[in-house]
Amino acid sequence: MTSVADRVAGPAVAADASAREKAAAPAVSLPAVGERELRLDLFRGLALWLIYIDHLPPSLLTWFTIRNYGFSDATEIFIFISGYTAAFVYGRAMLEQGFVVATARILRRAWQIYVAHVFLFTIFLAEISYVANHFENPLYSEEMGIMDFLKQPDVTIVQALLLRFRPVNMDVLPLYIVLMLALPLILALMRFKPDLTLALSALLYAVTLEFDLNFSSYPSGYWVFNPLAWQLLFVFGAWCALGGAQRMSRILSSRITLWVCLAYLVAAFYVTLTWYVPQMSHWLPKQLEQWMYPIDKTDLDVLRFAHFLALAAITVRILPRDWPGLKSRWLKPLLLCGSHSLEIFCLGVFLAFAGHFILAEGGGSVALHALVTVCGILIMWGVAWLISWYKHEADKSAPRKGARGNADLAGGG
Amino acid sequence: MRSGLFLCVALLATISVAGAARAEDAPAVCDVPASLLESQSSLPKVAAAAKAGQPISILVIGSRSSSIGTDPGSAYPARLQAALKDKLPQVTVNLSVEIQPGKTAEDVTGTLVKLMEGKKPTLVIWQTGTVDAMRSIDPDDFRSAVDEGVVALQNAGADVVLMNPQYSPRTETMISVPPYLDNMRAVAQQHDVPLFDRFAIMQQWNEQGDFDLFSAHHGPELAKRVHDCLGRALSTFVIGAAHLGPAQQN
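Those sequence lines, one after another, are chains A and B. Last residue of the first sequence? That's 413 in the numbering used here, and every number before it is there in order. Last residue of the second sequence? That's 250 in the numbering used here, and every number before it is there in order.
Okay, chain A solo, but in the shape it has when bound (with noise of 0.2 Å):
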């Protein structure tokens, strides 16, 4: 059951050795233009199924997402593949145009990314309102106490646009935003001295936990992703893209490398069936259990970054770059969404709410729960599709601008 759904898009092992020699002013090396890293596509597309199926209420079909089989999920997926598109679209309009002309191009996409964040609590806001106005049952009165932010909707429309407030699944975006920001900074260090960047990431990724750091959020509580542990994701994938997963080849291509990761995953996955099956956890030895939980998703806990290296490390190694399967038409709806994902993102947690909502409306039988989920998936790709054919006539009719723009590799727009 593990097969498709855990493997994750990882670094490119076998770099493009041309575009090594081209860059090679800098510390950077960027692989070849419009040389489109498919596996990136197909598995941001992948993540993005997968959140969708994982916004959605529990059903069969969540058993086949990954979070089920390990400790990491398509979250991780998701920010590692966004810092390593980010970083190579925006490093090279940072070689190519220099910092300012980057540093305006990642601001205005960062201001999409805001702009899609607030029209999707549009749509939560309204859904919330009819909720509050349509449901009363005295089972949940405690439950619907959640709806009281409605009436201070001065307070809250304030907070959600200062992205203190967010409701449940909206998390996400915030964190790209975030992210985004510090892209710059990042990019700036990066050019010249990328391990010095991913070692000063991974030190306030330590310092964080250590003190506890983060985003305080409205009415109460923290961000639910902190950014500034997840940021050690994005700066891993952005460092991967600038060359790291070059340098890294030689590790990841050895037999040890495999088997630990192998090793690793093997036990992680026992670990999570204990959730489902309690008996197991007779032979999981007390310590290793107060020492290991809770594994915290907030704070990207070492043992889901772990999980994911783990992950990534065997995905590259047994899915090459120029594998043939990528250009097979059955995973082509997935690579349509991959190469979207601004756009299929912010679709997927749409189609979120409305399931839920034609759920509860619907009376939630399983006949109706496969039928949200595989027509959200298709309206997914459908939109992707539309897209994609929208972008190629757009492009058509423009000029050629040459080899600068490309910068749907980094999720559209």
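Honestly, the hints are just simulated from the structure, not real lab data. Beta carbons: idealized from backbone N, C-alpha and C, even for Gly. Take these hints with a grain of salt, some might be off.
[Unchecked claim] Derived lysine-lysine pairs resembling DSBU-like cross-links, with alpha carbons at most 30 Å apart:
#: 1; chain 1: B; residue 1: K45; chain 2: A; residue 2: K286
#: 2; chain 1: B; residue 1: K103; chain 2: B; residue 2: K45
#: 3; chain 1: A; residue 1: K151; chain 2: B; residue 2: K45
[Stated by the list, open to error] Here chain A is said to cover these stretches of chain B; the calculated rule only asks that three of the stretch's residues, wherever they fall, bring their Cβ under 8 Å from a Cβ of chain A:
#: 4; region: 51-65
#: 5; region: 180-191
[What the hints assert, rightly or not] Here are some of the chain A residues that sit facing chain B, going by a computed Cβ distance under 8 Å:
#: 6; residue: D54
#: 7; residue: N137
#: 8; residue: M144
#: 9; residue: G145
#: 10; residue: V168
#: 11; residue: P285
#: 12; residue: Q290
#: 13; residue: W291
#: 14; residue: F353
#: 15; residue: A354
Following the hints, position chain B against chain A.
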């Protein structure tokens, strides 16, 4: 137009409820898979009291989801007591309920020592997590609060059963419960305390079609039937964890 429709529905509902009131004594069908009613952990104090023929006094500490409006008799704690009396006729079961609305696990933990001094229960059933999830308290803080609370209860000489939040499909897009479920499971494992998985049980009922938890029932009937089932499931759970075999049950 819309309100007219509502009125009709409400009227129909009232009529059908009145009709169903006759059949109310017949308990609702709400089977729970055995795995959800078994626990690796045990309740030695309850077992000892039952063996010695002493009364078992149960204290339920919870937030508002441990009650139904102002009707304590139909909420799950009272239903638990009734079910235990049915199944263990020779054992006296005393019950007290401490509802602390809107209190987080941390708030409740602060009150536990005092509470225990007054009541000296054999078994404490601590329902928590809902308020923390609604206020999105840092899951780490939640965990250490529950941890501290369980230790306080055990030190005061009681067996402890933890109970997690309700499965509430309508608020799933607003309240993120999973981190709190996970943390409660972890604390239960760590202190070898039985965890009554109310969330999974109610989810099961919803999937089996025993209860339509999505529906916008305005009356208390659904709540009463759910609590009755919860009380009975909880009684099976407690009897199992305390290993009160047929000897005590006869």
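Consistency of the hints with the structure:
1. K45(B) <-> K286(A): Holds - the C-alpha atoms of K286(A) and K45(B) are around 23 Å apart, at most 30 Å.
2. K103(B) <-> K45(B): holds, 28 Å
3. K151(A) <-> K45(B): violated, 47 Å
4. 51-65: Since three or more residues must qualify, the claim that chain A covers the region 51-65 of chain B holds, with 3 doing so at under 8 Å.
5. 180-191: holds (count 6)
6. D54: Given a least distance of 10 Å, the restraint on D54(A) is violated.
7. N137: holds, 5 Å
8. M144: holds, 7 Å
9. G145: holds, 6 Å
10. V168: Holds, because the Cβ-Cβ distance from V168(A) to chain B comes to roughly 4 Å (cut-off 8 Å).
11. P285: The hint is violated - P285(A) has no Cβ within 8 Å of chain B, the shortest such distance being about 12 Å.
12. Q290: holds, 6 Å
13. W291: violated, 11 Å
14. F353: It holds, given that the least Cβ distance between F353(A) and chain B is near 6 Å, below 8 Å.
15. A354: violated, 10 Å
Figure legend: structure checked against the earlier numbered hints; hints not met, in rising order: 3, 6, 11, 13 and 15.
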